[in-house]
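Listed here are the chains, written in short residue letters.
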Amino acid sequence: MFKAFLSLLAALMLAFPAVAQTPLRIEITEGVIEPLPFAAPLFQAETAGAEQLASDITRLVSQDLTGTGLFREIPASAFISTVNSFAQPVAFADWRAINAQALVVGAVSVNGSQLTVKFRLYDVFSGAELGEGLQFAGTTDGWRRMAHKVADAVYSRITGESGYFDSRVVYVAESGPKDNRLRRLAIMDYDGANTQFLTDSSALVLAPRFSPTGDRVSYTSYESGFPRVNLLDVASVGRRQLSTAEGDMAFSPRFSRDGTSVIYSLSNGGNTDIYRTDLASGTHTRLTNAPSIETSPSLSPDGTQIVFESDRSGSQQLYIMPASGGEPRRISFGEGRYGSPVWSPRGDLVAFTKQNAGRFHIGVMRTDGSEERLLTASFLDESPTWAPNGRVLMFTRESQGAAGGPSLYSVDISGRNLRQVPLSGFASDASWGPLQR
Amino acid sequence: MRGLSLLIALIPSLALAEGAPPMTDGERAAFGAAVSACWMVDPASPAAGVSVTVAFALSPEGRVIDNRVEMLTHSDAAPEAVELAFQAARRAVLICQVDGYALPAGKYEHWRDVRMNFTAVEALPQ
Chain A
1 MFKAFLSLLA ALMLAFPAVA QTPLRIEITE GVIEPLPFAA PLFQAETAGA
51 EQLASDITRL VSQDLTGTGL FREIPASAFI STVNSFAQPV AFADWRAINA
101 QALVVGAVSV NGSQLTVKFR LYDVFSGAEL GEGLQFAGTT DGWRRMAHKV
151 ADAVYSRITG ESGYFDSRVV YVAESGPKDN RLRRLAIMDY DGANTQFLTD
201 SSALVLAPRF SPTGDRVSYT SYESGFPRVN LLDVASVGRR QLSTAEGDMA
251 FSPRFSRDGT SVIYSLSNGG NTDIYRTDLA SGTHTRLTNA PSIETSPSLS
301 PDGTQIVFES DRSGSQQLYI MPASGGEPRR ISFGEGRYGS PVWSPRGDLV
351 AFTKQNAGRF HIGVMRTDGS EERLLTASFL DESPTWAPNG RVLMFTRESQ
401 GAAGGPSLYS VDISGRNLRQ VPLSGFASDA SWGPLQR
Chain B
1 MRGLSLLIAL IPSLALAEGA PPMTDGERAA FGAAVSACWM VDPASPAAGV
51 SVTVAFALSP EGRVIDNRVE MLTHSDAAPE AVELAFQAAR RAVLICQVDG
101 YALPAGKYEH WRDVRMNFTA VEALPQ
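Going down the list, the sequences are from chains A and B. So for the first sequence, this note's numbering puts the first residue at 1; every next one is plus one. So for the second sequence, this note's numbering puts the first residue at 1; every next one is plus one.
Chain A extracted, bound-state conformation (with noise of 0.2 Å):
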């Protein structure tokens, strides 16, 4: 009896497996966009001294990560746990109380000069660490860059993007009134702090451009009272007029990607069209020749390729060519004018400036030109530089009016987190460097 009891079991259990272990199957299409909620308690002082120290390195990390708007931080009036040490156990429950989703916990300890930061990232949800601990080095003068070297760890571990925050901008720094506009160049972090100039302002100074280890610069300069392509040391402000190919005005330089050579709009006899000096023997190509204006031109990131503007086609738009010159091919095709084009670091788009309608616009495009989306409008946004990753636009906004002038603005290619950059004067021309070493 026993036996036929068993095997009219089986025979059941086999007859019927689907019922009971079908899954239920959902479709999830719509999320939410919302910034990650994440804590990061005050940062342990493990030093006498200490304690101001970890308070602006946590109040900047913070800062860092809610910039992006990616991030959201939730008060420290908020939080059940305290963190009273760095090797204390976390609380995970208390964490998941609040909805923080990363829970960010440091340290900080100062020798005389030198200074010491760590960290540590948690998944509050799975309750696990989320990479290994990490400790940075330093001068306690240096302390902005070691937060942003934490937040950029932080930010890349859970976006799986790099970061952005320890980063320097090389921009145009304006001053006086508008009719007579005082113009010198300008190095700041790339949340406005730490400026400093790096030429005074008796000549015009247009179009900085960072080489891609970040320790010169190109620009264009009227010192000698027409435009020419100089070269600048970052560390000794040193700087020199490259010798170009012979014309009337050189300007638009740009260093190529493996920083060996610049290239630029060379103006002859009314033409402009765009050269190459190559730095080390001297030697000059050039990359387009026709009758119309070549200019703006900036390289892919394997330097196989550039895009520049041009108004061969009777208005001003976007081409794509060989990096050794050759035919280019049209990619803008919507309504209006598309200049100061500059390759994406992940080579995947394209930035612009838009003139339509009588608005101006940041957008990016495909390579190919395909799925163009404009970013800002206003009165006159134009000259658009990549952050390192990719990820951020910076850009000049001019105000009207009188007392009106350029800002540097940043906004997430996603269009949203439009943001001011903070400077105490007005500013244009932005270029944004590679990450610090």
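Think of the hints as simulated: they come from the structure by calculation, not from any bench. Please note: incorrect hints may appear among the correct ones.
Quick partial rundown of chain B residues pointing at chain A, CB under 8 Å, derived from the structure [claimed, not checked]: (1) PHE31; (2) SER45; (3) VAL64; (4) MET71; (5) ALA81; (6) LEU94; (7) TRP111; (8) VAL114; (9) THR119.
Stretch-level coverage of chain A by chain B, calculated; a stretch enters the list once three of its residues show a Cβ under 8 Å from a Cβ in chain B [said to hold, decoys possible]: (10) 29 to 41; (11) 200 to 212; (12) 281 to 294.
Glycine is no exception: its CB is placed at the ideal position from the N, C-alpha and C atoms.
Chain A is fixed; fit chain B onto it per the hints.
Frame of chain A, contents of chain B only:
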């Protein structure tokens, strides 16, 4: 006959599956909406274009058993992007459960095992 009754009593899951009506479209949509509310999408992330299917088992209280969410399949993408997409899906499932998903208790066998596919319809705003 007595033997069959005994058998059904010994296999409650089978009895429920046989006896409980299937999940309605509304119940399925409500469950999906509950998870959607915690699925944080970064439209500009490389992970935004990745479709992932995760599997998890729920307790009768509607909580993920052992907080265990596994990836079953994913669309073709870089491993880093797939991992990010999976982590976002996993977080959504775990965060929104709070005290348990509100699912019909009498239909437990229908929602005990879940396969949930996450696909962002629009990776970037146009």
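Hint numbers not upheld by this structure, sorted from lowest to highest = 3, 4, 11, 12
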